[in-house]
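Build out the structure end to end from the sequences listed, making use of the hints.
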Amino acid sequence: MSIKPLVALDAAAVTRSIKRIAHEIAERNGGAQNLALIGIIRRGASLAARLAAELHSNGEKPGIPVGTLDISSYRDDGKGTPGDPRLLGRDIPFSLDGKRVVLVDDVLYTGRTVRAALEALADLGRAESIQLAVLVDRGERELPIRADYVGKNIEAPRGQRVYVRLAEVDGIDSVIIGNGK
Amino acid sequence: MSRLSKTDVVSIDDLSLPEIERVFTLADEFADALARGDTLSIANGLIMATLFYEPSTRTRLSFESAMHRLGGSVISSADMKASSAAKGESLADTVRIVSGYADLIVLRHPHDGAARVAAEYAPCPVLNAGDGSREHPTQTLCDLFILRRKKGKLKGLTVALCGDLKFGRTVHSLIYALARFGANIVAVPTSGMDVPNYVLERLAAERNYSFSTVTMDELKSLAGGLDALYLTPNAPHQMALFTGDLGLDKAPAGEAPASLDAFYVTRLQKERLGGEIKPGDYVRFDARALKTHRTQEAVVMHPLPRTDELAYELDSDPRAVYFEQAAVGVPVRMALIAWLIEQNRKKRASARDSSGLIRFKTEPFPRCVNSNCVTRFEGAHLRPRFRLARTVDRASLPLRCDYCERELRIEFVGHARSHRYYKYDESLYGYVRQWIEEQSLAVFETVKQAEESGYEPYRRGPQREVMNSAEIADAVNSLASQIAADIPDLTNVSIFGVVSHGAVLATRVRDVLDARIGIHAPCAAIDVYGSGEAIHLLDGASSLSVEGRTIIIVDDVINSGWTIQRAMTMIWQHGRPASVKLAVLIDRGHLAVPIRPNYVGKNIPTAPSERVQVRLAPPGTNGKHKTHDRATIYSMLEAAKAPEQAK
Chain A
22 MSIKPLVALD AAAVTRSIKR IAHEIAERNG GAQNLALIGI IRRGASLAAR LAAELHSNGE
82 KPGIPVGTLD ISSYRDDGKG TPGDPRLLGR DIPFSLDGKR VVLVDDVLYT GRTVRAALEA
142 LADLGRAESI QLAVLVDRGE RELPIRADYV GKNIEAPRGQ RVYVRLAEVD GIDSVIIGNG
202 K
Chain B
20 MSRLSKTDVV SIDDLSLPEI ERVFTLADEF ADALARGDTL SIANGLIMAT LFYEPSTRTR
80 LSFESAMHRL GGSVISSADM KASSAAKGES LADTVRIVSG YADLIVLRHP HDGAARVAAE
140 YAPCPVLNAG DGSREHPTQT LCDLFILRRK KGKLKGLTVA LCGDLKFGRT VHSLIYALAR
200 FGANIVAVPT SGMDVPNYVL ERLAAERNYS FSTVTMDELK SLAGGLDALY LTPNAPHQMA
260 LFTGDLGLDK APAGEAPASL DAFYVTRLQK ERLGGEIKPG DYVRFDARAL KTHRTQEAVV
320 MHPLPRTDEL AYELDSDPRA VYFEQAAVGV PVRMALIAWL IEQNRKKRAS ARDSSGLIRF
380 KTEPFPRCVN SNCVTRFEGA HLRPRFRLAR TVDRASLPLR CDYCERELRI EFVGHARSHR
440 YYKYDESLYG YVRQWIEEQS LAVFETVKQA EESGYEPYRR GPQREVMNSA EIADAVNSLA
500 SQIAADIPDL TNVSIFGVVS HGAVLATRVR DVLDARIGIH APCAAIDVYG SGEAIHLLDG
560 ASSLSVEGRT IIIVDDVINS GWTIQRAMTM IWQHGRPASV KLAVLIDRGH LAVPIRPNYV
620 GKNIPTAPSE RVQVRLAPPG TNGKHKTHDR ATIYSMLEAA KAPEQAK
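Those protein sequences? They're chains A and B, same order as listed. Everything in the first sequence is counted per this note's numbering, starting at 22 for the first residue and increasing by one. Everything in the second sequence is counted per this note's numbering, starting at 20 for the first residue and increasing by one.
It is possible that part of the hints are untrue.
Lysine-lysine pairs mimicking DSSO-like chemistry, simulated, CA-CA at most 27 Å apart [what the hints assert, rightly or not]:
| id | chain 1 | residue 1 | chain 2 | residue 2 |
| --- | --- | --- | --- | --- |
| 1 | A | Lys82 | B | Lys185 |
| 2 | B | Lys169 | B | Lys310 |
| 3 | A | Lys120 | B | Lys185 |
Stretch by stretch, here's where chain B covers chain A in the computed footprint (C-beta under 8 Å, at least three residues) [claimed, not checked]:
| id | segment |
| --- | --- |
| 4 | 123-137 |
| 5 | 150-159 |
Label pairs and their calculated CB-CB ranges [stated by the list, open to error]:
| id | chain 1 | residue 1 | chain 2 | residue 2 | range |
| --- | --- | --- | --- | --- | --- |
| 6 | B | Asp236 | A | Gly84 | 22 to 32 Å |
| 7 | B | Glu343 | A | Tyr184 | 51 to 61 Å |
| 8 | A | Tyr184 | B | Ser437 | 51 to 61 Å |
| 9 | B | Gly375 | A | Gly84 | 50 to 60 Å |
| 10 | B | Arg595 | A | Arg182 | 15 to 25 Å |
Think of the hints as simulated: they come from the structure by calculation, not from any bench. Note that CB positions come from ideal geometry on N, CA and C, so glycine has one too.
Quick look at the structure:
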């Protein structure tokens, strides 16, 4: 059975979500003074950069540190067997000590990617706190992980997939619910 | 046995100013000797071993060339990573063995602080050719030497540093070294790559430097129109006594220096770029900056290789000295080796201060937070070593790793004799100093770690009971009900309790499930902060199985959530569970990570300064003893309250 792809968020809605999350981050943390944004490659990294830009345009001081974590669920040994997500690389050229870190990803689903990210961040120093911002929370969690900032909650059955598209990567901003294959 | 006396150069700070001057005098002589084509025999009969754990062709060739020019011999391993390190031999063992083959070791290593470790274990002298992002003292010597050669002196010079002044440790070493010689520094950072505050604080504290912002038209094209930060020695007294933040925006406006003697343009390290700093934003130094009366005498330095930050049009300008800077690598390294040979005839006091080192006598030993620190790789023989950091912080105790200098912020401190622990605040600083002297300081990452190490909280004011034994029993029953309602297939469940109260609760929850549904789930205890087996089986469990299981983590109180994060890391080391659920007796509402419990016995809102402590009768005791179960809430020590129990 084929289900017609459903647009859950269009470009304007994606922009509004990012703007709202940026406001929530500033509100909860009393500005961006002690903030660092860490995006999970690829779309989480684009979202982190946009959140930083959004915070700047809201009057926060420029220079909010932005880093990236590269976490993948597939082994790179060519065998192609899906394993649990693990850290492949990171680009965080600043100290996390005492920082309020906002971890940014596009979709929160099982929580396994976030767990791997927390492990990587814990290894990098003693952040004051780590908060999680996601564009889409699609539920179906397998681990006790919860996001602090959510663009949109989408209930999609397990067989379906949620596609986040961002202009930097895909040429267009949208969130689409579609078939598995 | 080495023929040289034990003198290590791990950091530029290991050399006194007269010693650096002596190295420069020798470097001048060797530069002349090389120009004349003299054959030297100063190092006749001596063998230098070059151990390069990461490639650095220029540094290695210039060291080896220097030793050959002095008449000595060189042995080296083509690729250290592929030889002993690959067999798992520690750096400490390798340098002890190589000391039997050579009189001098030159080390290049990817881990921060590795040269310090090598120097401590090798009986022969060790020269640091770069360790991780830490020091590279011969590079700093070359930088200082070329400046001195071009300008005749270092004291009183005004040197402008441009570009990435934040991440490059070699530029920080250069700043400290320039300050030791009394030079003025004009910092012209690319936006977002300012000199870090800890560097400024060290200059103020150790060298009495003061800071002001200056506007210089010729720097505008370099700094994107921003003001530059001017750092000068001999500050008025009130400037030296600052606390708190320092930076471009905090420094008062001042008068620009009358002239600049040198520009030091730093390399753009692409891997450092992130976020909003784009390659196009980086400094691009060209002849324009040298056109004004203030800058026409300035020389231009660069550590090479360059990318786009240094215009090729400068190469033919006599003020561009960067190729000469690279060429003095050999005579400067010859001079350092010759200086080392001279030390054989001298009694030399170590420049390194071993006082102020914090020695921890009992576990848990603090762990350096720098994942590239040599202490994270060298294994058990290397006990982490710290000093009190200079940074002022009200809410945490800043320690500095003695190997990699990375700061670690401690939230909970303990006194090893009274076995009390405290939430750190600045009113405790005096006590902490005293405990360091008595070697009775203990430090903890979390409340749980402190309590599992046998420490009792220092409390203030009355405690109040928030749960009695009946309420705890109700909460355990409630957890079991929540679990049974949520998880359809309990046969696939394993229950892991966090040591020690979580483990007691895990068996209690299991027993309730067993009595109600007749499913006897395997139980295990996770020792998050212990040094032994991380996960061990509790009664009734036959084998530890994680793969494909549904694991319920049980803990008594969830505070920050870091303990649960570590527990998950330990579980993942054993396999990939199908899912993980979190059950806590009490959620007190101060989570610092995006972890949330699935099942909560009771929500008890607390203030951040408050603690919740749970006491449980040990497993196996009958119902009567469970009347001792209780949860209490109390306030931790606050500022201006002295910990009298500690005395």
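Evaluation of the provided hints:
Restraint check for Lys82/A and Lys185/B: the C-alpha separation of about 18 Å stays at or below 27 Å, so the hint holds. For the hint pairing Lys169/B with Lys310/B, the CA-to-CA distance comes to about 19 Å; that is within 27 Å, so the pair holds. This hinted pair checks out: Lys120/A and Lys185/B have alpha carbons roughly 17 Å apart, not beyond 27 Å. With 3 residues bearing a CB less than 8 Å from a CB of chain B, the segment 123-137 of chain A meets the requirement of three and the coverage assertion stands.
Proximity of the segment 150-159 of chain A to chain B, defined as three or more residues with a beta carbon under 8 Å from a beta carbon of that chain, is established by the 4 residues found. At about 24 Å, the beta-carbon gap between Asp236/B and Gly84/A stays in the expected band of 22 to 32 Å. Checked against the hint of 51 to 61 Å, the pair Glu343/B and Tyr184/A passes, with Cβ atoms roughly 57 Å apart. A C-beta distance of roughly 59 Å is found between Tyr184/A and Ser437/B, which places it inside the suggested range of 51 to 61 Å.
Checked against the given bound of 50 to 60 Å, the beta carbons of Gly375/B and Gly84/A, roughly 34 Å apart, lie outside it. A beta carbon spacing of about 21 Å between Arg595/B and Arg182/A agrees with the range 15 to 25 Å that was offered as a hint.
Consistency with the previously given hints fails for number 9 only.
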